[in-house]
Every structure is written in structure tokens, then in C-alpha cells.
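As they're listed, the protein sequences go chains F and Z.
Be aware that the first sequence starts at -10, since it is given in our numbering, and climbs by one per residue.
Be aware that the second sequence starts at 18, since it is given in our numbering, and climbs by one per residue.
Read the hints as simulated data drawn from the structure, not as lab findings.
Among the hints, erroneous ones may be present.
[Said to hold, decoys possible] Over the 10 angstroms line for every Cβ pair with chain F, so calculated as not near, a few chain Z residues:
id, residue
1, T92
2, E146
3, E189
4, E193
5, A197
6, G206
[As the list claims (entries may be wrong)] Partial pick of chain Z residues on the chain F-facing surface, computed with a CB cut under 10 angstroms:
id, residue
7, I31
8, V83
9, F111
10, T204
Using N, Cα and C, we set each Cβ at its ideal position, and we do this for glycine too.
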Amino acid sequence: MTMPLAYCRCLLAAIAVLIVVAAAMPAVAQQRNSDGSPDPTASVVNEKTLLQEFPRITGRIDIPDQRAAVLIQPAGRMFQRFHEVFLNWFGVIVLVGMLALLVIAYLVIGPIRMTAGRSGIRILRFTSFERFAHWLNATAFVILALTGLNITFGRFVLMPLIGPDNFGVVSQLAKYVHNFTSFAFVIGLTTIIAMWIRDNVPRRVDIEWIKEGGGFIKSKHPPAGRFNAGEKMVFWLALLAGIAVIASGFLLLFPFYVTNIFGMQIAQGIHAIIALLFIALILAHIYIGTVGMEGAFEAMGQGTVDLNWAKEHHSLWLEQAARAGRKPQAQPSATPAE
Amino acid sequence: MARMKFLCDADRCIDCNACATACKNENEVPWGLNRRRVVTINDGIPGERSVSMACMHCTDAPCAAVCPVKCIFSTEDGVVLHNKDLCIGCGYCFYACPFGAPQYPQTSNFGTRGKMDKCTYCAGGGGPEVPGSIEEYEKYGANRMLEGKLPLCAEMCSTKSLLAGDGEVIGEIYRERVAARGYGSGTWGWSTAYGDGDASAGAVAQSDRDQVRAGE
């Protein structure tokens, strides 16, 4: 009875083929209304479903500008909330908070004086090239910070003072200055990193320095190398913040060259947040380098420091400098004592 | 008070781009800028729909909120206009806009952007120029609103897919269409632009939901 068996096999194979074909049939063919008429909207996806799948609805577009292919991106509303609520409050808290901290530090701790007074003997701390690089970076930073703050806070602070028309002119100019000064900042920061990275590598002595309260306790002067742990912290934070603002800044300067709308929103957010933190950090840096510590500004101003200042704040560096043959010089009589 | 809105009925849009062309011609929009465009979803596969999109003239417009020089504002009719004299071309409005409406002419080196340009609802500009003047036309395009006319893109639409006018009126037209033909793929962008709290937007969204339920 081979015939019925072959017949059964054929039948099974036919059924299997039918099942496979039916499964592979496009879903459209089955989408009909209850009365059997075709439903033209059966396979149409609506806006809500598309947005649940992906935060942006993107399609095909006939014009060359492919950015325009993004039909709807509700994330714009998120960007609005970030920009109008979070960023404004964050900026005020970070900047006003840091200024308040510095005022408190000034009132409570006061300027850190040289315990042993001035010796009148000076030693070279920063070469003219080092000072040039520092001030190049510093000038660029201040310009970038002010023009950058204008973009976020100018409309609350400057606009009511000078009126919308003048503010528009000032802001337009500030934008161009901000864009072009960025290059000076990149050069300054790169030079600084190259010059000082070696002296800023964390060492064991830094832990001791922090344990002893660093520069905040007047009576104690823990040993430190060319840069103490506080300065090293500023260096590394400035390096990280600098890389972040430069990278995000160039994305903003060359919009949509390498990223899409989502990337641009993130770049703006990172640029603003890191820049505000960076400004707060530099405010603290300016405080300790000027009114916060007697004799500190001279290092970056004239390049030389008082021997007693060097002994108190950078004892290990002074020893090193002496070994290297850097000779302290008596202060020229023309410079009056403070 | 009329609240001006755009509504694109995606079940009627045939991707002919007449709206985009009419807009460019009526407003003399410079080369490279597109105030209105047509985007096709699911191109070439079942369920394909095209949507004509421009500035939706949002309620609580995100562009106006993030503008660092406050040059964007809403008129009494709910039309979002801007003052090009104040604009600094920072690009923030493009990051905030849910519809990709702001456009920038590239003026010089790098990505430096010129004054932002966008759909004005054919209602002239938001600057100090006299409404309907040649100065206003050269900077912002036509001021049809002043002549009591609607935006040309919607007037030109051959299938009346793109509707412009008072939000309640065009919302009602759309609702009637959905009821009559038995389906509707939604008022694209309305919930994002006008929020679910908006009365006419809410009503239209409700009619869409009803249709979805009826189809199930």
C-alpha cells in the first residue's frame, strides 16, 4: 500500500507550504473592515504611536536639507524646560553660591599672610612665557565667560538696563567675540596643559597637604612641591572642564556638521553647565590668587615671589629650585614694599 | 479672539509640495531656506502618510522662551513672530522648536548663522517696520493677514489637506471629516504645539481617540 502513503506525504507537504505562504503574506491583505471592505487606515501609524517608539518622527523629504526630515521632536519642549528652569536656577545657585562662599572665606579666614613676613629676597616662580600663556588663557576665559553669561543671563540683567535694541546689538557683537575668542582659549589652555602637566601629577605629599588642611589653616604650612594639592585640583578640573567646553563649543560653532538635533541639544546643555561650573572654579582661583593670599599674585604678576612665601607655601619646590641652581635675588630697591 | 493654527490632514496630503512652493514664491524666501516642507512617513510601505509642516505657532512657544534676546513673541491671534533686528543667530530656537521651523541663512565662515527666518503665518514681521510696507516684505515676506487673507500655503492646497485659520474652526472641519469618512490619522503636532489643555486641540484629539476605539 505505497500509494496512499505517498499521497499522504504529498498532502502534508502541500499543507506545510500553504502554512508557510500564509504566514509570509503581507499583513495588509488581511486588514479589512468587518464587512470585508478594505480599511485604508489599518496600517497607518499615528503620531502618538510613533513618538512612543522614538522621541523624534523622521520621514523622507524632497529638499536637500536632511535636518528638515525630522517632522516632530517633542524633545524641544524638554530643551525649553532645561534651558528656562534648570539652567537659570543652576547658574544662579552655582555663581551666587561660590561668591557667597568666597565672601564668607574672606570674612572668616581673611587673607592668608606670610607668617614670617617678607624677606625682601625674591625667587623666580614663573617664566615670562609661562605668564604669557597663563594670561592669554585668563584673558580669553574672562571674555568668553562674560559673553557666554550674556547669552543666558543678559536678558535678565543687561536688557532691562540698556533696552532691547541696544541689547540686540551688544549680544550680536558678543556672539562673534565669543566665537573667535574660543581659538585663543584653545591655544592658551593647550599651552598651559603642556607646560604644567608634569608638575601637576598627584604625589604622596599632596595627601599630607590635604590632611593638614592645606592653605586654609593659617598657622600650618604643610610641605608642597611646585604646585600644592589645591592648585593641582584647579589644574585637573580646568583641564577636564576645558576639554568639555571646547568639544561642546566647537559642536555649537559648527552646527550639524557632525551631529543631529539631539546632539546639538546635548552639546548646548553640556556647554552651559560645564561653563558655569568652570566660572565658579575660576572665581575661587582668582580669589586665592589675589585678595585671599598675600604674595600670591606676584607669582603670576611679576613672575617672582618672596622667599618666605615660597618657604611657607612651596617648600619642596624651593629646595628643588635651589638644587637646580635658581638663585634668589635681593629685591630691587625701586620696588616699594607693600 | 481667534487663535490661528495650522492643521495638516495627513489622509488628504498627496506630497505635491505646492504649499512649500507657494510659500517660497509668496514670501520670496531665499535659496536654501524652507519655511514649509512636506515630510513623508513610512515612504513606500503600507500606511505611508505625508505631512506638511512649518512653524505651528505654538502656545507657550519654546523658541520664544529660550531666545537670549527675547526677539520672538506671540501676537494676539496666537501667531509667533520675531524681530530680525534683534536676532543674533544663536540657533537656540532651532534646538527648542519641536517642528524644525527656524531657518538660518549661512552668512560667513564656519557655521555662523545669520538672522533667523521662519514662517510668519503670512502676517508680516515682528520688527519696527510699517505693516504692509516694502521694508517689511523684504525682511519677512508677505503680510496677507493685513489684507484679511490666510497663509498662501493653506489657500493653495489642492486637496484642502492643509488648513489654516481659527483653531476652533479648522478643528471642527477636521472632526467632521473624520466622522464622515470614518478614519483619521491625527492632527500631527497639535498636542506638542498647543498642549492637551487647549480646548480645540483636546476636542480634536478626543475625536481621533473615538475613531481608534470605533475601529477596534
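Q) Where does the structure disagree with the numbered hints, that is, which hint numbers, in rising order? A) 6, 7
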